[in-house]
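Asks: The whole structure should be built from the sequences, with the hints applied where relevant.
Here's the letter readout for the chains.
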Amino acid sequence: MARVIEYIYRDSIIHQLNPLSKLAWALGVMVLALTFNDPYYLLALLISVGLVGLTGRVMKDLSGVMKGLSIFALILVLLQVVFYHGAYREAVTLGIAMGLRMMTVVLSFLVFLSTTQYKDIILVLTEKMKLPYDYVFMFMTSLRFVPTFLNEAIQVGYAQQVRGCPIDSGNPWRKMKAYIAVALPLVLISLKKAERLAIAMETRGYGSNNRTYYKEPIISTLDYFVIFLVVVLIIGAIILRCKGLGVLH
Amino acid sequence: MTTSNNSLIQLNNFSYQYPHTANNALKSINLSLKKGSFVGFAGPTGAGKTTLIKSINGIVPHFEGGTFSGEVLLNGKAADTMSTAEIGRSVGTVLDDPEAQIICLDVEQELVFGMENYGVPPAEMEQRMQKALASVGIAHLLGRSTASLSGGQKQRLAIAAALAMLPEVLVLDEPTSELDPLGSEEVFRVLKQLHQEQGMTILVTEQKTDLLARYCDQLVILREGEMVLSGTPREVFQHPDIFELGVALPEVTELARRYYPQAEPPITLDEGVQFCRNVIQTFGG
Amino acid sequence: MNPVIKIDGLSFGYEFGDSVLKDIYLEISPGEMVALVGQNGAGKTTLVKHLIGLLRPPAGKVRVADLDVANTRVSKLSRQVGYVFQNPDHQIFHDTVQAEVAFGLNNLGLPREEVEPRVTAALSDVGLEHLANENPQRLSRGQRQRVALASVLALRTPVIVLDEPTTGQDYQERKQIMALVEQLNKAGHTIVFITHDMSLVAHYASRVVVLCQGQIILDGDTREVFRQTDKLAESLLLPPQVTVLANQLNEPLNTSVSPVILSVDEMQEYLQRVREVKRNGAGD
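Chains as they are written, first to last, in UniProt numbering: chain X, 1 to 249; chain Z, 1 to 285; chain A, 1 to 284.
Simulated from the structure, these hints should not be mistaken for lab results.
Quick caveat, the model's predicted, so the values are computed rather than measured.
Honestly, I wouldn't trust all of these hints.
What the hints assert, rightly or not - Once the Cα atoms are required to be at most 27 Å apart in a straight line, the calculated DSS-like pairs of lysine-lysine come out as:
no.	chain 1	residue 1	chain 2	residue 2
1	Z	Lys-131	Z	Lys-34
2	Z	Lys-34	X	Lys-215
3	Z	Lys-192	Z	Lys-131
4	X	Lys-177	A	Lys-6
5	X	Lys-175	A	Lys-76
6	X	Lys-193	A	Lys-49
7	X	Lys-175	A	Lys-49
8	X	Lys-177	A	Lys-186
As the list claims (entries may be wrong) - Some chain X residues near chain A, calculated using beta-carbon distances under 7 Å:
no.	residue
9	Ala-153
10	Pro-166
11	Asp-168
12	Asn-171
13	Pro-185
14	Ile-239
Stated by the list, open to error - Here are the in silico distance ranges between beta carbons for each label pair:
no.	chain 1	residue 1	chain 2	residue 2	range
15	A	Gly-60	X	Leu-150	44 to 52 Å
16	Z	Glu-168	A	Ala-99	32 to 40 Å
17	Z	Gly-65	X	Val-187	16 to 24 Å
18	X	Glu-216	A	Ser-140	44 to 52 Å
In this text, a Cβ means the ideal position worked out from N, Cα and C, and glycines have one as well.
Replies: Structure follows, in structure tokens:
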């Protein structure tokens with residue numbers, strides 16, 4: 001889980017792109033994925049996203065997550081088959097479309113997050129998108145603490161198990177009760193950590209006015225090209241959609 | 001009120017009470033520290049060490065709330081009239097838990113965090129960053145992720161991050177409590193160096209009294225919110241009441257005090273060896 | 001006597017990374033008080049986690065109280081081994097000290113009339129009986145550490161493992177906790193404790209095991225281990241100040257080797273004897 005949202009350092013053209021154009025790309029992929037529901041169109045889209053991931057040399061690192069997602073997609077297909085009121089064939093096609101759509105959107109954001117540094121994301125969201133710095137920073141910092149949190153969860157689990165807490169019990173009711181013994185200390189610890197962190201940030205001038213940024217990511221010609229391409233693709237998709245292509249009835 | 005103008009930090013009759021508590025955490029503290037001091041604070045749990053540090057970096061009362069009387073002056077200016085961020089420009093803070101005070105994912109970002117907040121021109125950051133890292137001896141770690149550092153390295157990074165903001169004083173609250181002996185020594189060696197080479201003013205609380213004895217110029221013992229002893233480590237360890245105050249003495253000091261309760265005791269190993277040679281040579285017994 | 005802990009060629013490595021433990025052989029007899037020392041990352045915590053099944057050894061490699069840890073549930077092992085974690089906050093979640101201490105006993109399914117006296121006894125052992133109805137979150141770190149200790153004591157296990165029980169504690173609290181551990185040992189419990197504080201080791205342990213990069217490099221009587229200054233230096237450990245002091249004085253008395261001094265009391269006695277020897281020598 002922890003690895004899902006981690007920045008992966010590689011030397012690639014995707015890494016060098018401005019976060020803004022990568023964000024535009026990910027959002028564009030989302031719009032395209034929502035525009036069509038023909039599995040072939042969606043498959044093509046997914047492959048294109050995969051190619052971007054390959055160019056960014058992060059697909060190997062994301063393969064574990066993608067495996068999990070495929071299983072999830074398969075469940076989506078099954079659910080469609082079970083609950084869809086209509087022809088069996090139609091249900092399967094719709095289920096596959098939903099699965100592909102989900103995988104495409106998630107993968108595009110994973111590629112964005114794993115090829116872009118946190119600080120650059122913060123910078124783009126606050127300076128370019130004009131979102132409030134406090135919220136963006138807190139959100140990104142809470143992501144940063146996910147691995148720490150998971151590690152704490154393991155330690156708490158250990159500490160309760162050695163007092164005979166039946167986390168390894170087969171009985172689901174006992175097991176659920178046991179998890180309360182893990183959840184509560186975890187909440188208390190996180191509150192304490194959050195307070196420490198807040199103190200550390202305050203004493204280092206968090207919340208002063210007129211902040212600066214050490215390194216601002218540059219916007220290159222390639223970035224303009226990427227953004228232009230995304231816009232063209234979206235317009236093209238809307239035209240296709242209006243003509244009734246790529247949509248199943 | 002006495003306001004001497006050559007004190008960097010001055011506490012006048014300062015008392016403080018945390019919200020929802022019955023007793024004062026600090027009771028009428030009077031303390032005046034000049035630029036270039038290296039002061040250690042010791043005392044049992046609940047003595048008020050952490051609260052004292054927090055009163056100097058503005059966390060008390062700004063962040064914690066509560067009530068206070070008396071005043072804390074930084075360069076002659078009352079600390080309660082300044083915001084924590086404003087105080088942070090002149091007072092750099094290092095906390096005990098290396099995990100909770102590292103804010104960012106990589107070393108570089110951690111160092112520029114404070115500078116960005118204070119609006120330091122980007123062109124200046126590079127140079128300040130290099131200098132801060134070099135001062136704590138971790139220049140080679142610039143490209144690393146913070147998660148990959150050892151406890152001692154994390155604490156040195158926290159010191160460097162504070163130094164990059166060019167503070168006048170560094171306050172550290174039990175910076176070695178989560179570290180092993182090597183890591184602890186590492187941190188204090190860096191502090192000593194900062195003090196000697198850059199004249200940095202350093203205030204540090206610590207349970208390991210032998211570290212304070214070896215590195216600090218001045219030692220302050222607190223108990224139940226009061227300042228009970230203050231002086232050079234040797235003077236403090238020589239005091240007749242020291243055994244009642246719940247602080248550990250270096251073993252050589254404890255040994256020497258059994259022979260000569262009144263005399264100036266040794267506080268380092270080398271002094272201890274010399275002391276024992278003298279004891280042996282005086283024969284008798 | 002049969003060992004209560006028997007580790008037979010245990011090695012361990014996490015999925016990604018170097019091996020953490022290499023070929024560990026260790027036998028601990030009932031009633032021993034063993035200090036486990038070494039730098040951070042030497043493998044101390046990893047080793048003791050194998051004693052209660054938090055990490056699973058291969059079959060037959062680790063036996064505790066005649067149970068093969070490899071195929072025994074943690075909840076069953078926890079009746080034999082009490083484990084006190086370094087950070088009390090990892091376990092405390094009840095709103096009274098009393099309920100916190102009763103938690104493990106309730107998990108064992110003990111009847112109420114047995115739980116209550118055990119809780120009271122454990123709290124009085126750690127000196128917190130007056131705070132039985134207090135909320136643990138309002139206590140100091142040292143007091144919370146003692147609550148965690150009491151909640152393990154109440155289980156009355158033959159073996160007790162303590163992972164850095166004195167971290168974050170002041171001088172008096174450290175002495176109190178170790179005095180209690182010593183008392184438990186005298187009452188027959190087998191104790192294994194991890195610490196960085198060499199004077200605690202010198203004062204309380206009868207046996208010291210030194211781990212360095214996943215291997216046991218020294219194992220023996222406390223005095224014998226502290227005699228091996230070179231080997232200790234290799235794993236970057238420094239014996240207590242008085243031990244080094246006596247070593248540097250290098251006054252061998254009448255024997256060929258100078259004694260290993262473990263406390264200020266011993267140092268005082270030793271100086272006395274050196275003086276006597278010198279006086280007699282001068283009198284000849």
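Asks: Which constraints among the numbered hints does this structure fail? Numbers only, ascending.
Replies: Violated hints: 2, 4, 8, 9, 12, 14, 15, 16; rest satisfied.
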